[in-house]
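*Asks:* Below, each chain spelled out in residue letters.
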Amino acid sequence: GQQVMQIPQYQHVQEGEDFTTYCNSSTTLSNIQWYKQRPGGHPVFLIQLVKSGEVKKQKRLTFQFGEAKKNSSLHITATQTTDVGTYFCAGPWDNFNKFYFGSGTKLNVKP
Amino acid sequence: SQTIHQWPATLVQPVGSPLSLECTVEGTSNPNLYWYRQAAGRGLQLLFYSVGIGQISSEVPQNLSASRPQDRQFILSSKKLLLSDSGFYLCAWSVGGHQPQHFGDGTRLSIL
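Chains as they are written, first to last, in our numbering: chain A, 113 to 223; chain B, -9 to 102.
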């Protein structure tokens, strides 16, 4: 079955530094979603990418979908303490009704 | 607007006891419904999903079961809990396949 691998597992940065997490799939994805889970909270949907090579921005967050639609990245510019949390990518799995979540990247931002 | 309710927020149960976690969605019809489990510091494991009343797909064979007695109600059950059932249980809904999922606040289940 399909798997979505996410790296790194952890990232510790100083406030103001940039951060990037990468998501890789063994197969071509029709789309990919990104979620953020704050400590003690539940995952919250951030964005969905559908097109090959697509790039979307949300303020300091930049999301990219690879040309081959097998990988994706989330880049945060000038991190803030409010960015702390775990970022998950999720790709459709086998059929249209379920997603496989990556293992997540836990971001810690030191003030 | 749509909302999802999940309860209880925390639960402590002895090994071998039964379990019933409930999730309800408001403000939408015929949603896809999902149960996930998250071990501490880990990713989300899909347990069950449902595309309609009475339709349940199981992803991981174990001592858990799910039911959807009403369009916007999803229940996770167990007849006898194991220590390995501890975790953070999350219910989610979406308007359909490949659409964003919206999660409830989750239930933290501890088995003693």
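A portion of the hints provided could be inaccurate.
Which chain A residues face chain B? A few, computed with CB under 7 Å, are given here [as the list claims (entries may be wrong)]:
no., residue
1, P120
2, Y122
3, Q123
4, Y134
5, H154
6, P155
7, S215
8, N220
9, K222
10, P223
These stretches of chain A come out as covered by chain B in the derived footprint (C-beta under 8 Å, 3 or more residues) [what the hints assert, rightly or not]:
no., stretch
11, 137 to 146
12, 156 to 162
Honestly, the hints are just simulated from the structure, not real lab data.
As the structure is a computational prediction, the values presented were derived from the model and not from experiment.
Quick reminder that beta carbons are idealized off the backbone N, C-alpha and C, glycines included.
*Asks:* With reference to the structure, classify each hint as holding or not holding.
*Replies:* Quick rundown of the hints versus the structure:
1. P120: violated, 14 Å
2. Y122: Nearest chain B Cβ about 10 Å off; hint violated.
3. Q123: violated, 14 Å
4. Y134: Violated, because the Cβ-Cβ distance from Y134 of chain A to chain B comes to roughly 15 Å (cut-off 7 Å).
5. H154: Check passed: Cβ of H154 of chain A comes within 4 Å of chain B, closer than 7 Å.
6. P155: Holds - the Cβ of P155 of chain A comes within 7 Å of chain B, reaching about 5 Å at its closest.
7. S215: It holds, given that the least Cβ distance between S215 of chain A and chain B is near 4 Å, below 7 Å.
8. N220: Given a least distance of 12 Å, the restraint on N220 of chain A is violated.
9. K222: Violated, about 19 Å.
10. P223: violated, 22 Å
11. 137 to 146: holds (count 3)
12. 156 to 162: holds (count 3)
Going down the numbered hints, you'll see the structure goes against 1, 2, 3, 4, 8, 9 and 10, while the others check out.
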